[in-house]
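K.L.:
Here is what each chain is made of, one letter per residue.
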Amino acid sequence: MNQSPHDIELWLSDMADQLKKIVSDTPLMIGIQTGGIWIAERLHKKLGIEEPLGRLNIAFYRDDFSHIGLHPRVMPSNLPFSVENREIILVDDVLHTGRTIRAALNEIFDYGRPSRIILTALIERSGRELPICADVFGKRMSLKANEHVKLSGPEPLALEIKTAE
Amino acid sequence: MRTVIKHGRIVDPANKLDKVADLFIENGSIAAIGKAPSGFKPDHTIDAKNRIVCPGLVDLSARLREPGQEYKATIASETFAAASAGITSICCPPDTSPVIDTSAVAELIHQRALQANKAKVYCLGALTSRLESKTLTSMHALKTAGCVGVSNGYAGIRDAAVLRRALEYAATCGLVVHLFCEDEGLRNEGVVHEGMMSVRLGLPGIPETAETVAVSRALLLIEQTGTKVHFCRISSARSLQLIAQAKQQGLPVTADVGITHLYLTEIDLAGFNSLCHVRPPLRTDRDRDELRKALATGTLDAICSDHQPHDEDAKASPFGLTQPGASTLDVLLSLSLQLVQDKTLDTQTVFAALTVNPARIAGINAGHLGQGTPADVSIIDPELVWKAEKESLTSAGKNCPFLGWEMTGKVTHTLLDGNLVYEYKNKK
Amino acid sequence: MTNSNSNIQLDKHGRLKHFLTIEGLDRNLLLDILNYAESFSGVGERAVKKVPLLRGKTIANLFFEPSTRTRTTFELAAKRLSADVLSLNITHSATKKGESLLDTLRTLEAMHCDMFVVRHADSGAAHFIAANVAPGISVINGGDGRHAHPTQAMLDMFTIRKHKGDFAPLRVAIVGDIMHSRVARSEIHALSILGANEIRVIGPRTLIPKDIQTLGVHVYHDLEKGLQDVDVVVMLRLQHERMCSALLPGESEYFNLYGLTEKRLSVAKPDVIVMHPGPINRGVEIDSQVADGKRSVILQQVSHGIAVRMAVMAMAMGNLSNLDIEDADADSH
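Residue numbers (the numbering used here), protein chains in the order written: chain A, 1 to 165; chain B, 166 to 593; chain C, 594 to 926.
Fair warning: there could be bad hints in the mix.
[What the hints assert, rightly or not] What follows is a list of derived Cβ distance ranges for each label pair:
{"#": "1", "chain 1": "A", "residue 1": "162", "chain 2": "B", "residue 2": "551", "range": "43 to 51 Å"}
{"#": "2", "chain 1": "A", "residue 1": "154", "chain 2": "C", "residue 2": "788", "range": "36 to 44 Å"}
{"#": "3", "chain 1": "A", "residue 1": "45", "chain 2": "C", "residue 2": "811", "range": "51 to 59 Å"}
{"#": "4", "chain 1": "B", "residue 1": "354", "chain 2": "C", "residue 2": "811", "range": "26 to 34 Å"}
{"#": "5", "chain 1": "C", "residue 1": "725", "chain 2": "B", "residue 2": "374", "range": "34 to 42 Å"}
{"#": "6", "chain 1": "B", "residue 1": "185", "chain 2": "C", "residue 2": "604", "range": "25 to 33 Å"}
[Unchecked claim] With a straight-line cut-off of 20 Å between C-alpha atoms, the simulated DMTMM-like cross-links for lysine to aspartate or glutamate are:
{"#": "7", "chain 1": "C", "residue 1": "755", "chain 2": "C", "residue 2": "864"}
{"#": "8", "chain 1": "C", "residue 1": "642", "chain 2": "A", "residue 2": "41"}
{"#": "9", "chain 1": "C", "residue 1": "642", "chain 2": "A", "residue 2": "63"}
{"#": "10", "chain 1": "C", "residue 1": "643", "chain 2": "A", "residue 2": "64"}
{"#": "11", "chain 1": "C", "residue 1": "643", "chain 2": "A", "residue 2": "110"}
{"#": "12", "chain 1": "C", "residue 1": "642", "chain 2": "A", "residue 2": "110"}
{"#": "13", "chain 1": "C", "residue 1": "672", "chain 2": "A", "residue 2": "110"}
{"#": "14", "chain 1": "B", "residue 1": "308", "chain 2": "B", "residue 2": "324"}
{"#": "15", "chain 1": "C", "residue 1": "672", "chain 2": "A", "residue 2": "84"}
{"#": "16", "chain 1": "C", "residue 1": "862", "chain 2": "C", "residue 2": "759"}
{"#": "17", "chain 1": "C", "residue 1": "803", "chain 2": "B", "residue 2": "450"}
{"#": "18", "chain 1": "C", "residue 1": "757", "chain 2": "C", "residue 2": "707"}
{"#": "19", "chain 1": "C", "residue 1": "642", "chain 2": "C", "residue 2": "658"}
{"#": "20", "chain 1": "B", "residue 1": "555", "chain 2": "B", "residue 2": "450"}
{"#": "21", "chain 1": "C", "residue 1": "862", "chain 2": "C", "residue 2": "791"}
{"#": "22", "chain 1": "B", "residue 1": "590", "chain 2": "B", "residue 2": "212"}
{"#": "23", "chain 1": "C", "residue 1": "643", "chain 2": "A", "residue 2": "50"}
{"#": "24", "chain 1": "C", "residue 1": "803", "chain 2": "B", "residue 2": "354"}
{"#": "25", "chain 1": "B", "residue 1": "552", "chain 2": "B", "residue 2": "582"}
{"#": "26", "chain 1": "C", "residue 1": "643", "chain 2": "A", "residue 2": "155"}
[To be verified] Non-contacting residues of chain A with respect to chain C, defined by C-beta distances greater than 12 Å in every case (computed):
{"#": "27", "residue": "5"}
{"#": "28", "residue": "17"}
{"#": "29", "residue": "22"}
{"#": "30", "residue": "26"}
No lab work stands behind these hints: they were computed from the structure. Note that beta-carbon positions come from the ideal geometry of N, C-alpha and C, so glycine has one too.
Please construct the entire structure, taking both the sequences and the accompanying hints into account.
P.N.:
Below, the structure written as structure tokens:
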């Protein structure tokens, strides 16, 4: 089952509308590499945020370092602003176990103390392992444990659901 | 007692023999080869079919570590190892503790060897007292105590005048001087050959000139004094050129090479392999090839083991802090046989380098199977394959750089004065 | 031949387990180190100067040779990875008592350290420790005798890449006491593997080993000829002992022949950068004008050292697991 780019556009517009309702005047936006950044770039535009987009790589905050070591490809994190006392929209492509978000929260707090973090994800799928949920999401999906949803991009954006053997 | 060794291939370079024949031993001496002496009834028969029967090997340098370093090895352990490797006569260098610079130490070693009764041990007395290169030893007394030569061990002799006088005095006493040639200054703090690997590994190097300068100096002094000198453990092709020239000139010089240097080169140091930390250092493959050729041409007279057994700790350190020396008694014969099997050298050349030549240099009645000589005999199975492993080495020293190598050829019987001192038992 | 070096450094998947020498590592691995270092270099500017990567791990700095600079950067690197650090200055007192290196090692292993950073006066010491250490412990070479100083070489490569980008067109000259320099050896290997166009060594004959050419370098004994059109100059420190062992007559003659001055530097490319592993001997190998001048990147090298060492430690520590990695998806959530 695959989603067309057209559906994704609809969800993004919907997410932008929902976010506009709950954020303050001057939020910052941070996208989580790599898929989260593709989503964040579009939302960043739709919301007309002036300050540049922050890019977060959570490789050094993952909780599975002892098991699988360092990830082979790492782009550095880049937050070209101060997070101190700011409201932050944290963007990811797929919210699944919740571990990525935990790592992202830990990393952001090592930069400073935000006033508020709002989580938005394009897809919120079943399989949560931590008590984390998205404030705003594009589409909710219920998948089996051996099913994986992957976003490809940056142009065009497309979703693919794969079943592992 | 009468023993007959039947059907063996007798290899005796001293008498230019290489034929299948029976060997007859009576009362500890060789009685006959080929036809039995009249009325000969053997008490003991050894079947040597498909085996090589040769004089027991004569090793011009094997350190037995006694007295002084019994934690590494003992005369008992190492003469047993020698017997199991077909070696019946060993020359023991003077750098024991105390040094063999008095007859008492020489006598002690001879006593212990007799007690162990596995191989004959001949001491090389010290050239200078305590090997300090300052004063001469009582060389006549050492000779009387049984020393077959004198040597300064690894200790360099900075003062050429001291070397000259030592050479002259040794000649007066009729002793051959066994000389290890290395200029101390050029050696500096080197531990490996100054070349490609010393650059790569960042280890201080010993240039080839450390050996060639010392050899040159010695040759000129030999020219002056006429002393019989034996060069110990030559390692470089350039030295071979100097020695060949000297022999042509008619100087009374001989030379040997350690078995390790006929196989390994500086490349084997890769990974900081401390088992390859030896003196002189392993040099280039060109040097190794020339060393092999020199045995064929006669520039080199003998192959020795240069056996230096060590305890584990001696090699368990960063390279520069390890003690040099390899344990090679167990592999001397097999590796020498390999040279014949690979057709690098012929049988007569290799066996001569292990028997008659070193015996002549040591001035002992050994290394040949002439009638009436002491029956020191080795019987070899040239096809027997074995692996050099810590468990299979008989020496107390397991620091063998050939660990893991597959060897072809092993001694099955060793006789010392006609008595069986070793028999190979197949552990199957 | 290089196999026996790299075998001990890499695990069965070819990933870094110990970091002992540049020799035998492939280009991609070196680039990985540089790329990770890039990611780590921002950590020092944040509010919390740490990432939690090595939290709960213990790293022991075993310095058998005294060193303030290298030791403190390794300490800082370990701390920025959230590891606990033990700094042990094992001076001659332990060795005087006759305790062998192996015994020292066993004692330290009993303290359950996960990683040793080793600096030792003998070439091959780090290899020796790596070969004898308990499985599951990683060894980083902080400099062994004259053999290798791989983290220094990598931080210099990091510095070069920052200023010059691609290694392929570069001409690099290393000046000074090549013979006794572990930094020189490691840098030659690194530049060679990263594909530098030309590597030159410059110095008097007494300080350049004859067989250095087997490493793929061009030898110069004339400083000006050697500096012609180079893009990077690495100056090595001249140690005072060299004057005492008949290798050199004195410092002033050395400076006259091989000291780096503005005038001498002018034959190099106009955008040449000048590096030095430190500490510098002003007026011996380099004059103050150059050391403090606009082409000198010496101070930057120090800060890069922390990021590079973080990268190496994280890579080695992360590869200690025996589990097979199926392609770990960066986006697995």
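K.L.:
Could you say whether the range 36 to 44 Å given as a hint is met by the Cβ separation of residue 154 (chain A) and residue 788 (chain C)?
P.N.:
Since residue 154 (chain A) and residue 788 (chain C) have Cβ atoms about 31 Å apart, the given range 36 to 44 Å is violated.
K.L.:
Does the claim that residue 22 (chain A) lies off the interface hold, with its Cβ farther than 12 Å from every Cβ of chain C?
P.N.:
23 Å, holds
K.L.:
Is it true that the CA of residue 803 (chain C) sits at most 20 Å from the CA of residue 354 (chain B)?
P.N.:
17 Å, holds
K.L.:
Quick one: are residue 162 (chain A) and residue 551 (chain B) within 43 to 51 Å, going by C-beta?
P.N.:
Hint violated: Cβ distance 57 Å, outside 43 to 51 Å.
K.L.:
Can you confirm whether the C-alpha distance between residue 642 (chain C) and residue 63 (chain A) stays at or below 20 Å?
P.N.:
19 Å, holds
K.L.:
Do the alpha carbons of residue 642 (chain C) and residue 110 (chain A) lie within 20 Å of each other, as the hint requires?
P.N.:
With Cα atoms ~8 Å apart, residue 642 (chain C) and residue 110 (chain A) stay inside 20 Å; holds.
K.L.:
Would residue 17 (chain A) pass as off the interface with chain C, using Cβ distances and a cut of 12 Å?
P.N.:
25 Å, holds
K.L.:
Looking at residue 5 (chain A) again, its CB stays over 12 Å from all of chain C?
P.N.:
Nearest chain C Cβ is 18 Å from residue 5 (chain A), so the label holds.
K.L.:
Given the hint that residue 308 (chain B) pairs with residue 324 (chain B), test it: the Cα-Cα distance must not exceed 20 Å.
P.N.:
Violated, at roughly 25 Å.
K.L.:
Can the restraint linking residue 643 (chain C) and residue 155 (chain A) be considered satisfied, given a maximum Cα separation of 20 Å?
P.N.:
35 Å, violated
K.L.:
Given the hinted pair residue 642 (chain C) and residue 41 (chain A), is their Cα-Cα distance within 20 Å?
P.N.:
Answer violated: residue 642 (chain C) to residue 41 (chain A) is near 28 Å, above 20 Å.
K.L.:
Tell me if the straight-line CA distance from residue 672 (chain C) to residue 110 (chain A) falls inside 20 Å.
P.N.:
15 Å, holds
When held up to the earlier numbered hints, the structure conflicts with 1, 2, 6, 8, 14, 15, 18, 19, 20, 23, 25 and 26 and fits the remainder.
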